[in-house]
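Go ahead and model the full structure; you've got the sequences and the hints to work with.
According to mature numbering (1 follows the signal peptide of the UniProt record, and there is no 0), the residues represented by the sequence shown are -19 to -1, 1 to 904, in order.
Among the clues, some could well be false.
[Claimed, not checked] List of simulated lysine to any residue pairs, SDA-like, C-alpha gap at most 20 Å:
| hint | residue 1 | residue 2 |
| --- | --- | --- |
| 1 | K821 | T802 |
| 2 | K257 | D224 |
| 3 | K615 | V639 |
| 4 | K420 | F405 |
| 5 | K304 | D338 |
| 6 | K471 | G501 |
| 7 | K170 | S134 |
| 8 | K503 | P541 |
| 9 | K257 | I268 |
| 10 | K152 | D122 |
| 11 | K809 | L819 |
| 12 | K257 | L282 |
| 13 | K196 | I172 |
| 14 | K439 | Q413 |
| 15 | K792 | G816 |
| 16 | K821 | C807 |
| 17 | K170 | R144 |
| 18 | K805 | E817 |
| 19 | K420 | S462 |
| 20 | K764 | F777 |
| 21 | K503 | L446 |
[Claimed, not checked] Simulated DEER-style distance windows between Cβ atoms:
| hint | residue 1 | residue 2 | range |
| --- | --- | --- | --- |
| 22 | K471 | S561 | 33 to 39 Å |
| 23 | T351 | E61 | 33 to 39 Å |
| 24 | G157 | R643 | 54 to 60 Å |
| 25 | Y423 | M475 | 18 to 24 Å |
| 26 | T301 | G157 | 35 to 41 Å |
| 27 | Q537 | T27 | 46 to 52 Å |
| 28 | S658 | S493 | 43 to 49 Å |
| 29 | K364 | L397 | 18 to 24 Å |
| 30 | T610 | S493 | 32 to 38 Å |
| 31 | Q316 | W445 | 35 to 41 Å |
| 32 | P269 | C346 | 22 to 28 Å |
| 33 | S302 | P24 | 55 to 61 Å |
Think of the hints as simulated: they come from the structure by calculation, not from any bench. From a predicted model like this one, the values you see are computed outputs, not experimental measurements. Each residue gets a CB set at the ideal place from its N, CA and C atoms; glycine is no exception.
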Amino acid sequence: MGLFLQMLTVFVTTVSLQGWLPLGCLDEERIALLQLKDSLNYPNGTSLPSWIEADANCCSWERIKCDSSTGRVIALHLEETRNEVLGDWYLNTSLFLPFQQLNALALWGNRIAGWVEKKGGYELQRLRNLDYLDLGSNSFDNGILSFVEGFPSLKSLYLYYNRLEGLIDLKGSLSGLEVLGFSGNNVNKLIASRGPSSLATLHFYNVTTYENSSKLLQSLGAFPNLTTLYLRYNDFRGRILGDELQNLSSLESLYLDYCSLDEHFLQSLGALPSLKNLSLQALSGNIPYRDFLDLKNLEYLDLSYNTLNNSIFQAIRMMTSLKYLNLHGCKLDGQIPIAQGLCDLNHLQELYMYDNDLSGFLPPCLTNLTSLQLLDLSFNHLKIPISLSPLYNLSKLTYFDGSNNEIYAEEDDHNLSPKFQLEFIFLSSRGQGAGAFPKFLYHQFNLQSLDFTNIQIKGEFPNWLIENNTYLHDLSLENCSLSGPFLLPKNSHMNLSFLSISMNYFQGQIPSEIGAHLSGLKVLFMSDNGLNGSIPFSMGNISSLQVLDLSNNSLQGHIPRWIGNMSSLKFLDLSVNNFSGRLPPRFDTASSNLRYVYLSRNKLQGPITKAFYNSSEMFALDLSHNNLTGSIPKWIDRLSNLRFLLLSYNNLEGEIPVQLYRLDQLTLIDLSHNHLSGNILSWMISTHPFPEQYNSYDDLSSSQQSFEFTTKNVSLSYRGTIIQYFTGIDLSCNNFIGEIPPEIGNLSMIKVLNLSHNSLTGPIPPTFSNLKEIESLDLSYNKLDGEIPPHLIELFYLEFFNVAHNNLSGKTPARVAQFATFEKSCYKDNPFLCGEPLPKICSAAMPLSPTPTSTNNEDDGGFMDMEVFYVTFGVTYIIVLLVIGAILYINSYWRRAWFHFIEASINNCYYFLVDNLPILSKF
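Here it is, written out as structure tokens:
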């Protein structure tokens, strides 16, 4: 009986919970969201693809946030959702009414031009919980103000970059408003006609001109509760801000970045009793140092990206309350002054002086900054000891960045030990030697990130550093001259996620237990060492691994099949090793996350088969310099996002499959040095020109992307972000036949085109003059004929041009612009080609400036120039007649024989006609 009651209780509880636990969003809200999607996409947009009717749980849809307990929609982040090409959007606010618990709505950047007729915007006021509304970057005018007055709960309102102008009145209904953004409008005055406002934060970027700035500043006195004021990108020349803002007694933070100010602007700012934070980045005008003496209560001062001199250190000496000082990018030079104020700021917690021209040693007085927690001196010319001994007394220091300075070795004083426990150390240098790891590192136990890149330390891998610092997550020891075996920590280290030991002298095998001891790795760089053996099986157990670079080693064996099971892996570089055998049959069985695969310069064999069949997210694939055979697979079009395809220096054969031409995202294709044949198709290339480059790149691995490509007749290695600006086609050293498709001229962004060493025929397409960005064009060693299109001289970026070893005829292009630099070797072995720089001078009968004939002329681009043929034939005929006459005149015997032959021939013709004429007359 007791068991029955317990089971009954559990059953009733379960049923009760099902009655109120959220199983997804409300059906009413889901329907409203689908209607909102249709409105956003009208008439034919495709935004919000995850919003589908088949998915009942709209809380899982993109740009939506739901309450975890009720399942109601509480936030809609629909910024920049509507495609610009769809034109203006007229908002139907009734679509938002089902979202009664909505407290945040962002609609900026959607080209909202107004409301749907008769619906108006006022229905949105029924959302009584809405406290955050962002309508920026649309087309609202001052009429929007009467609309937003109906939101008494509204605390944050953003109307930046609309069409507001003139006077703005914040009436009493917006008494609860705390944050207001009016940036990018032509507003000259702000008032609160129905009493004081509780406004605490005001954004006024880029709203004033020189003429109306005074009115605007004076009107701000109506908001005595303002604590934060953003006035960036404005023109305040001739204004004394302290006088204009004197009524803002509660103002704590003032941001004047990128403003136009003059030497008087800081006067009287000291009269603002609550001012603690002042940001003056990148001002247009000189900063009056003397006025800093009045800002004794400042705790935060940002002067970055101004042009300062060392007098600034003297000017800030009275700011004894300063906790944050930013002087980066200020063109400071020389030594850091010892007795000019900086070392007197004993409350300073953060100091940024990176990206200047400071030189010399660290001043000893830095030890006075006992409150300092963060110090950034990177990108200067300072001499910093790797021991960091000048900083030993800074007990609160946790962050130090001295990278890109001169790091030098200093003999450690064993009697001294640092008082600090650093968490972040960045000392990457320009290649200086340090001898050994500094002793202070043995006393650090809180390290989270350490970068000693390019410091020539020598010695073995410091596994003790990982063992001593259990929170260490980033360790970069690239190009440090370390040697010996790669040593693992004694115990498992879960937190280390980034490890780079590339460009050292490590030897031996990768430890077989690496997967167990470093199981939290996300990024592992071990390239350019002397590692050998195979990839250990345990590496496949690092489920979090996203980037793996083992290139430029002596690794061997087969590429493990389990690499395809690493579901997080995005970047794989195994190039320049000794891997052999076939590609794994399914390189990507577990996931489609693999984006970058570099396997070049190994000894891989066999066909490509279906190794990357499921890699729809593949961005770069480099299988060059191997022994792969067979044909390019027809499933290649499944790699719909492919940008770089390099299959050169293999033994591939057959024709290029039409599926390859469907990859309309490709920007780099290298199929050179194979046995490919057939025609280069035109009907696909013409409809899929090279796409424009993305402005952004995959941050995770963009700096590690690399490939080898022949351009300007030189094989070069390209690495890093430059790749996104590179486009090229290399089909050289194959067996392609037929004519060059004229549609290739549509690839206006291409920089390299190499079709050399094939059997291509026909003319050079005149459309090549459209390749305005091309830098290297190689058509040599083919069977091309016809003239070189004269308009190629308009290719002003062309640095390499080669049409040697063809059957081209006519005159070479004019020696102007880039073509004035091309030597005769670029044109050699074209027997019918003439003109500079070739020694063959064009005949006077030839047109001085040949122009392409009509494409309808069947002789266009033929092997023989007919005008030259007719002239040559006539001259030869006349010469033959003259020679025969001269011989007959000189030699009497041949003269008698010739006339006898003529007489006999005439008699034979006469008797032939007499005998046969009666017979012919019968017909």
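field: Indices of hints not satisfied (ascending)
entry: 5, 7, 20 and 23
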